[in-house]
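Peer 1: Spelled out from the first residue to the last, the chains are:
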Amino acid sequence: MPAATNTLETVRSVTEGGYRWGFETAIEQELIPKGLDEAVIRLISAKKEEPAWLLEWRLKAFRAWQSMEEPRWAAVRYPPIDYQNLHYYAAPKQKTRPKSLDEVDPELLRTYEKLGIPLREQEQLAGVAVDAVFDSVSVATTFKEKLAEAGVIFCSFSEAVREHPDLVRRWLGTVVPPSDNYFAALNSAVFSDGSFVFVPKGVRCPMELSTYFRINARNTGQFERTLIVAEEGSYVSYLEGCTAPQRDENQLHAAVVELVALDEATIKYSTVQNWYPGDAKGRGGIYNFVTKRGACRGAKSKISWTQVETGSAITWKYPSCILQGEGSVGEFYSVAITNNRQQADTGTKMIHIGPRTRSTIVSKGISAGEGQNTYRGLVRILPKAQHARNFTQCDSLLIGDRCGAHTVPYIESRNPTARVEHEATTSRIAEDQLFYCRQRGMTEEEAVGLIVNGFAREVLKELPMEFAVEAQKLLAISLEGSVG
Amino acid sequence: MASSRRRPEAGMVEVLDAPAPAASTTVAQLLDRARGLADRLPGARNPAVAAWRARGAETFACQGFPTRREEAWKYTDLALLRETRFEEPILATDITPPLSREGSEPRLVLIDGRVRHDLSAIGGVTAGVAIGSLADALQKQDENTIAGLGRLAPETLPLPALNAALAEDGVVIRLADGVDGGMIHLLSYATARAGHPVAFHPRHLIRLGPGARLVLIEEARGEAEAFAWQNAVSEVLLGPGARLTHIRLLDEPLSAVHTAMIAVRVEEGAEYDSFTLIKGARLTRNEVHAVLSGPRAALHLNGAQLVDGSRHVDTTTVIEHAAPDCASRQTVKTVLAGRARGVFQSKILVHRAAQKTDGYQMNQALLLSPEAEIDAKPQLEIYADDVKCSHGATVGELDHDALFYLRSRGIAEAEAKSLLVQGFLDDAVSLVADPGLREQLQAETVAWWQRVEHGG
Chain X
1 MPAATNTLET
11 VRSVTEGGYR
21 WGFETAIEQE
31 LIPKGLDEAV
41 IRLISAKKEE
51 PAWLLEWRLK
61 AFRAWQSMEE
71 PRWAAVRYPP
81 IDYQNLHYYA
91 APKQKTRPKS
101 LDEVDPELLR
111 TYEKLGIPLR
121 EQEQLAGVAV
131 DAVFDSVSVA
141 TTFKEKLAEA
151 GVIFCSFSEA
161 VREHPDLVRR
171 WLGTVVPPSD
181 NYFAALNSAV
191 FSDGSFVFVP
201 KGVRCPMELS
211 TYFRINARNT
221 GQFERTLIVA
231 EEGSYVSYLE
241 GCTAPQRDEN
251 QLHAAVVELV
261 ALDEATIKYS
271 TVQNWYPGDA
281 KGRGGIYNFV
291 TKRGACRGAK
301 SKISWTQVET
311 GSAITWKYPS
321 CILQGEGSVG
331 EFYSVAITNN
341 RQQADTGTKM
351 IHIGPRTRST
361 IVSKGISAGE
371 GQNTYRGLVR
381 ILPKAQHARN
391 FTQCDSLLIG
401 DRCGAHTVPY
411 IESRNPTARV
421 EHEATTSRIA
431 EDQLFYCRQR
441 GMTEEEAVGL
451 IVNGFAREVL
461 KELPMEFAVE
471 AQKLLAISLE
481 GSVG
Chain L
485 MASSRRRPEA
495 GMVEVLDAPA
505 PAASTTVAQL
515 LDRARGLADR
525 LPGARNPAVA
535 AWRARGAETF
545 ACQGFPTRRE
555 EAWKYTDLAL
565 LRETRFEEPI
575 LATDITPPLS
585 REGSEPRLVL
595 IDGRVRHDLS
605 AIGGVTAGVA
615 IGSLADALQK
625 QDENTIAGLG
635 RLAPETLPLP
645 ALNAALAEDG
655 VVIRLADGVD
665 GGMIHLLSYA
675 TARAGHPVAF
685 HPRHLIRLGP
695 GARLVLIEEA
705 RGEAEAFAWQ
715 NAVSEVLLGP
725 GARLTHIRLL
735 DEPLSAVHTA
745 MIAVRVEEGA
755 EYDSFTLIKG
765 ARLTRNEVHA
775 VLSGPRAALH
785 LNGAQLVDGS
795 RHVDTTTVIE
805 HAAPDCASRQ
815 TVKTVLAGRA
825 RGVFQSKILV
835 HRAAQKTDGY
845 QMNQALLLSP
855 EAEIDAKPQL
865 EIYADDVKCS
875 HGATVGELDH
885 DALFYLRSRG
895 IAEAEAKSLL
905 VQGFLDDAVS
915 LVADPGLREQ
925 LQAETVAWWQ
935 RVEHGG
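Sequence order for the protein chains is X and L.
Going by our numbering, the first sequence opens with residue 1, and the numbers climb by one from there.
Going by our numbering, the second sequence opens with residue 485, and the numbers climb by one from there.
Don't read these hints as lab results, they were simulated from the structure.
Each residue gets a CB set at the ideal place from its N, CA and C atoms; glycine is no exception.
One or more hints might be untrue.
Stated by the list, open to error - Only some residues are given here: those of chain X computed to face chain L with a beta carbon under 10 Å: (1) Ala-405; (2) Thr-407; (3) Thr-425; (4) Ile-429.
Can you build the whole structure from these sequences, using the hints too?
Peer 2: This is the structure in structure tokens:
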């Protein structure tokens with residue numbers, strides 16, 4: 001994807017300063033008033049012309065949320081969030097729904113262009129189908145026809161509710177129930193849009209699917225919801241990217257992603273998360289409180305999560321796999337960087353239910369500045385998971401003496417035939433490696449960039465190629481100012 | 485920026501069937517006893533001791549027994565304690581605990597938590613070694629002893645706090661600077677009275693002056709059927725350059741409950757080298773909190789948990805690196821048979837000042853039965869950058885290939901299994917340097933395996 005490889009250069013020329021995606025788009029916004037109660041949920045539902053069952057579903061989630069407490073167990077600190085002081089719906093003003101890209105507000109298209117996602121270009125380039133979500137609503141989905149030919153449904157969540165209500169109703173909330181946890185319940189109550197993917201039996205999705213999330217409006221929370229269903233024997237690779245303007249206040253992002261893989265289906269889900277991380281003093285930045293979970297329902301199904309987490313002031317995220325189908329496979333590859341005052345508490349859960357299920361976890365945490373980086377993961381082997389297998393490796397790299405790197409793995413096994421292996425290391429960049437690079441004429445920052453990329457290589461190689469290139473550059477940029 | 489306070493509560497791993505913290509009658513009884521005994525416990529007339537006990541009682545009154553809602557107790561349920569009505573141990577008269585060691589080293593025997601001079605033999609201690617009972621020291625209002633109470637133990641935690649409230653006796657060992665104390669043997673023995681569960685809370689204070697050395701063997705045993713809950717706290721202070729080898733063998737009857745807190749402070753250049761073998765009691769919580777407080781201190785926390793039947797064994801350790809150039813090593817092996825449950829939680833915490841830390845942790849579990857369960861949580865929390873820390877954990881069953889190999893060489897299946905289990909444990913047991921002690925521990929593991937194999 002040339003668009004992606006150009007991202008950094010494009011954006012560099014557009015903005016100055018550390019975070020290069022921090023601009024704000026001047027566009028007319030439709031905001032509903034701040035605050036959260038049943039009326040707001042009814043309003044969101046009405047705006048989206050939703051069926052009654054979905055409104056009921058939201059209200060049920062809202063009632064559950066009201067009785068829940070915000071989780072406090074993660075190793076992150078932040079002042080209390082005032083949930084009544086947020087807008088729960090923000091949308092670019094538009095009279096009618098755009099039928100094609102030509103009808104999309106040109107200002108919006110320019111925004112995505114600045115971000116390196118020229119939607120138009122992609123219609124011509126054989127590449128990636130993109131669904132772009134701006135604040136609360138999906139603004140454009142490219143390559144729809146071509147996907148439709150293959151029988152793949154890829155559209156915004158609202159559209160799926162209108163066009164494919166049965167599919168949505170059948171799968172929504174089956175992996176992450178509405179009252180699963182505090183943030184998932186909040187999302188279930190107020191989610192405004194997101195992406196929906198359905199890959200029918202036996203279909204190999206002809207191209208990479210991609211969603212681009214952008215928070216623009218001030219004082220809004222973004223609550224998107226993604227649902228991907230891969231039927232028997234199908235394959236889909238999906239990538240999400242995210243950015244937000246640079247602001248002094250914190251913004252909340254509480255998304256839910258649900259994946260379902262039936263017999264022999266494979267879902268590959270890649271994330272390059274680059275929400276605004278706040279400034280060097282820890283002002284501003286996104287609170288990224290996300291629930292991502294995949295269910296390997298079918299035999300020999302496979303779900304693979306790859307994430308590159310460079311942004312957000314706080315990350316709270318545990319993409320997980322429920323390995324039900326016999327011989328199903330779960331994978332989690334993660335690189336998380338925390339610099340300045342960023343805090344990340346991220347990891348995965350691998351729940352082995354079915355026999356011969358396998359999982360692999362590779363987590364690379366990099367802490368710099370005053371960043372705090374925690375890997376938190378669970379591997380649970382249930383009694384029926386005969387011959388289950390897990391391998392976990394989590395490595396932490398420390399740059400500077402004011403940061404922290406933490407590893408909190410939980411291993412629970414109730415089947416003797418299962419094998420679980422876990423390895424973790426923490427170290428800093430070796431002086432001799434740095435010296436070697438410096439001696440060959442690299443600057444210290446270049447040398448750190450090179451070494452960090454080597455450290456993260458096992459994960460980066462899991463990304464679709466074009467994104468891997470972008471991710472590598474992102475790693476180097478995120479660490480700027482951390483040495484010297 | 486007002487940071488939100490972190491409270492102890494269930495983490496990302498949801499805890500099912502965890503009861504809400506409820507007022508337990510046992511808690512009330514224990515507190516009643518603390519009040520009732522306040523004037524009679526040794527040292528009661530000393531205001532510092534009385535205040536220390538009162539603080540302990542207050543902490544325990546606030547917290548009660550920990551529940552599985554608390555992160556540190558996620559995998560271990562104390563319902564058994566919460567629901568039992570414990571009695572005061574009565575003074576056993578005609579008792580001679582069987583000895584597992586024939587060694588000539590000084591021996592101190594505790595029956596139901598009380599030091600028994602009549603059964604002990606501490607005549608032959610080296611000059612510069614003081615060894616005695618906590619009760620005696622407190623009666624005499626010994627300043628050193630009083631100053632040491634609660635100095636190292638984390639008495640904000642409920643069980644050590646309860647110990648402070650009710651500790652009646654224990655062992656005080658003090659070594660003067662540079663003294664080599666040789667070997668000392670402590671035997672804690674529980675007696676049985678059918679239908680009368682007893683609880684006791686020994687407090688041990690062990691202090692080695694700069695450069696002193698000691699090998700301390702601590703054994704916990706008891707009469708069959710003794711339903712005794714031993715809630716022990718040891719405070720171990722190692723002065724600069726001191727070295728303590730601490731071998732613990734917990735082999736209580738299957739009716740017993742053992743909760744232990746070993747609080748260790750290792751000063752500059754000192755070394756704490758411990759091995760804990762747990763093979764008895766229906767419920768064991770073995771907790772160690774060690775602080776490496778001076779540069780170049782070293783720590784070895786090794787052990788083996790042998791768990792069979794429906795026993796539950798939990799080893800929880802916190803290793804705190806608070807000074808530069810320190811090293812910690814931990815190898816813990818767990819073998820589980822029957823419906824046993826094993827827990828291993830360990831945290832290495834490296835403070836910002838602790839540059840050049842070298843931390844290593846390995847825990848491995850062997851599951852021999854489809855009904856057994858292991859839960860492990862090896863944790864690193866690191867705030868210094870120039871460190872080398874790693875941990876490894878594995879869970880699995882006996883290697884079929886190795887078993888086949890041995891069988892194909894004519895070794896009977898039972899023997900082949902025994903060899904493999906012993907081999908698995910040997911990685912840890914072989915870390916015990918003293919050959920005599922190592923052999924004794926190996927014999928204990930073999931005996932345990934025979935019990936498992938023959939259902940004895």
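Peer 1: Are the hints correct? Go through all of them and say.
Peer 2: Comparing the hints with the structure gives:
Given hint, Ala-405 of chain X at the interface with chain L, holds; its Cβ is 5 Å from that chain's nearest Cβ, closer than 10 Å. Annotation: interface hint on Thr-407 of chain X holds; nearest CB of chain L at approximately 4 Å, less than 10 Å. Using the Cβ-Cβ criterion of 10 Å, the hint placing Thr-425 of chain X at the interface with chain L is satisfied: the shortest such distance is roughly 4 Å. Hint status for Ile-429 of chain X: holds, given a least beta-carbon distance of 9 Å to chain L, under 10 Å.
In summary, this structure violates none of the numbered hints.
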